Amino acid sequence: MRALWQRVSVFWRREPFVGFAIVGGLLFFLLAPYLSWGRETIHVDARTVAGIVERRSNLEGRKLTTEEREEAIQDYVCEEILVREAHRNGWHLENGRVRQRLVLAMRTALNEDLPEASSAQLRAYYQANADRYRVPVSVTFSHVYFEKGSSPMPGVLGSLESGADFRAMGDSFWLGAIMVRQTRHQLQGALGTSFAEAVFTQEPGRWFGPIESSRGTHFVRADDRHPPELPELETLERYVQLDWATERRAELLERKMSRIRERYTLVEP
Amino acid sequence: MTSNHITLKLVALALVCYGAYYRWSPGDDSVIELTASMIEGIAERQEALLERPLTDSERVEVKEIYIQEEILFREAFRRGLDRGDRRVRSMLIEHASRELLRAAGHEPSRPSESELESYFDAHAERYRVPERVDLQQVLIPAATAPTAYDDVLTELRGGADFTKMGAAGLGAEVKEVTRSRIAQAFGLDFANDVFALPDGAWHGPFTSSAGAHFFRIPKRWPGRELSYEDVKGTIEQDFMRDSEALVVEAELERIRRRYRVDIDDVD
Numbered sequence: 549m550r551a552l553w554q555r556v557s558v559f560w561r562r563e564p565f566v567g568f569a570i571v572g573g574l575l576f577f578l579l580a581p582y583l584s585w586g587r588e589t590i591h592v593d594a595r596t597v598a599g600i601v602e603r604r605s606n607l608e609g610r611k612l613t614t615e616e617r618e619e620a621i622q623d624y625v626c627e628e629i630l631v632r633e634a635h636r637n638g639w640h641l642e643n644g645r646v647r648q649r650l651v652l653a654m655r656t657a658l659n660e661d662l663p664e665a666s667s668a669q670l671r672a673y674y675q676a677n678a679d680r681y682r683v684p685v686s687v688t689f690s691h692v693y694f695e696k697g698s699s700p701m702p703g704v705l706g707s708l709e710s711g712a713d714f715r716a717m718g719d720s721f722w723l724g725a726i727m728v729r730q731t732r733h734q735l736q737g738a739l740g741t742s743f744a745e746a747v748f749t750q751e752p753g754r755w756f757g758p759i760e761s762s763r764g765t766h767f768v769r770a771d772d773r774h775p776p777e778l779p780e781l782e783t784l785e786r787y788v789q790l791d792w793a794t795e796r797r798a799e800l801l802e803r804k805m806s807r808i809r810e811r812y813t814l815v816e817p
Numbered sequence: 024m025t026s027n028h029i030t031l032k033l034v035a036l037a038l039v040c041y042g043a044y045y046r047w048s049p050g051d052d053s054v055i056e057l058t059a060s061m062i063e064g065i066a067e068r069q070e071a072l073l074e075r076p077l078t079d080s081e082r083v084e085v086k087e088i089y090i091q092e093e094i095l096f097r098e099a100f101r102r103g104l105d106r107g108d109r110r111v112r113s114m115l116i117e118h119a120s121r122e123l124l125r126a127a128g129h130e131p132s133r134p135s136e137s138e139l140e141s142y143f144d145a146h147a148e149r150y151r152v153p154e155r156v157d158l159q160q161v162l163i164p165a166a167t168a169p170t171a172y173d174d175v176l177t178e179l180r181g182g183a184d185f186t187k188m189g190a191a192g193l194g195a196e197v198k199e200v201t202r203s204r205i206a207q208a209f210g211l212d213f214a215n216d217v218f219a220l221p222d223g224a225w226h227g228p229f230t231s232s233a234g235a236h237f238f239r240i241p242k243r244w245p246g247r248e249l250s251y252e253d254v255k256g257t258i259e260q261d262f263m264r265d266s267e268a269l270v271v272e273a274e275l276e277r278i279r280r281r282y283r284v285d286i287d288d289v290d
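Respectively, the protein sequence lines represent chains A and B. Each residue of the first sequence is one higher than the one before, counting from 549 in the working numbering. Each residue of the second sequence is one higher than the one before, counting from 24 in the working numbering.
In case anyone wonders, no lab produced these hints; they're calculated from the structure. If you're wondering where the values come from, they're calculated on a predicted model, not measured in any experiment. Take the hints with a grain of salt, since some may be wrong.
[Unchecked claim] Taking lysine-lysine and the DSS-like style, the derived pairs with C-alpha atoms no more than 27 Å apart in a straight line are:
no. : chain 1 : residue 1 : chain 2 : residue 2
1   : B       : K198      : B       : K187
2   : B       : K198      : A       : K611
3   : A       : K611      : B       : K242
4   : B       : K242      : B       : K198
5   : B       : K242      : A       : K804
6   : B       : K242      : B       : K187
7   : B       : K255      : B       : K187
Construct the entire structure; sequences and hints are all you get.
And the structure:
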């Protein structure tokens, strides 16, 4: 024992730095479990305790016993550890449902309530984006419609050309016998592309047909062709206001995003 | 000992400390690393959605959208948007529990009939249907102008059509509502007051954060026991959930050493 002590004291005199490091390391490992430093603290304050107990007793529909109360608090602590472990291990970044919810929450947080555009701002925006609001060339036409599967009565075209009342002929059509200011796009959607092409290429004022559409057979007379026009701002004000706000928000979001992006480093292959 | 020796030893110690920190410190959330396979995965998911291959510019666009979402996602954590969100919390708890079960090598196995029967016997109170009431309600919202509550009560007791009065709250009439359901909406004291009402007549007002409530209980359903056969399917799920909870608890016991828990005393 004496010999060991002598060897230790010789070593200590020769290598005091290593000696201190060994003693320090031993103390660290021995005392670490009993010291709070290095350990994360979960502090459950009085307000949280009250909330936990209230929620659990509401769920049970009765006051909790002392054991149940303690159990509810310990359950909360376990949940808190699980949440912290999720962060610590990066599981929070892997969860698709959490991602979806927080991306949405973040977008909402970055969104600002904008005041409505002034009439001058709105008019300037409307003029600058006139093409978006211009109604393209459209056509007003009358037609006699026969449902799919029914055959048109013979001599329809002749009767129409000699001035028969087209409203009294054929089957009833859900959008009416006269279709007003239909754009090519609208007609394509309602009755198909080939029908829209036929109506837009016919000379106005003359009956022609039969033309097949996606819904049946038609005899058509183009009554009027309307050149492209820009409606008065007042008739579209609500939509223009909405578009203006959407664009402003997107610009603001873009600006905020580029500021936020500066904090992140992107590593790409 | 020369000063050179001391310097060398200090450098060695610093390197060890740095290495330990680098090995065990939490990752840096500000670095977004995109690997080739991740980019391919993002594009493939979008292609599956569109049912066609992406053009080059679309590939760039979906990657940009992913990066933007990733930044928004991390930023949300950085700003603590997850902390007040109960749904995010429960999703993380579920995720962490799954990871701990995986780490413990837990393999779910179906319980035997006798295990289920013993479980039912040990937890019979869990499978009891609690007392319920059919509840008719008139709610005068807190935001409305001051109302003469006595008049409302007189009207109701005089046979006025309650469905045309007040505003929709719990619903003008709810069937078989439990004490717990009312307590979760308005607190336990409120629920106890409602359940203590004599049946058949209108009573109120009962005030809550929503406004002034008037209630009538037209019918009361006593609590009843359920048989093993009634709840067999549920018991199996509960049994398996409890078995998993035990494994998670054991794992937590080990992890708990990393945390110091400090709970305030509350009377």
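Here is what the structure says about each hint:
no., hint, verdict
1, B:K198 to B:K187, "holds, 18 Å"
2, B:K198 to A:K611, "holds, 24 Å"
3, A:K611 to B:K242, "holds, 25 Å"
4, B:K242 to B:K198, "holds, 9 Å"
5, B:K242 to A:K804, "violated, 58 Å"
6, B:K242 to B:K187, "holds, 21 Å"
7, B:K255 to B:K187, "violated, 43 Å"
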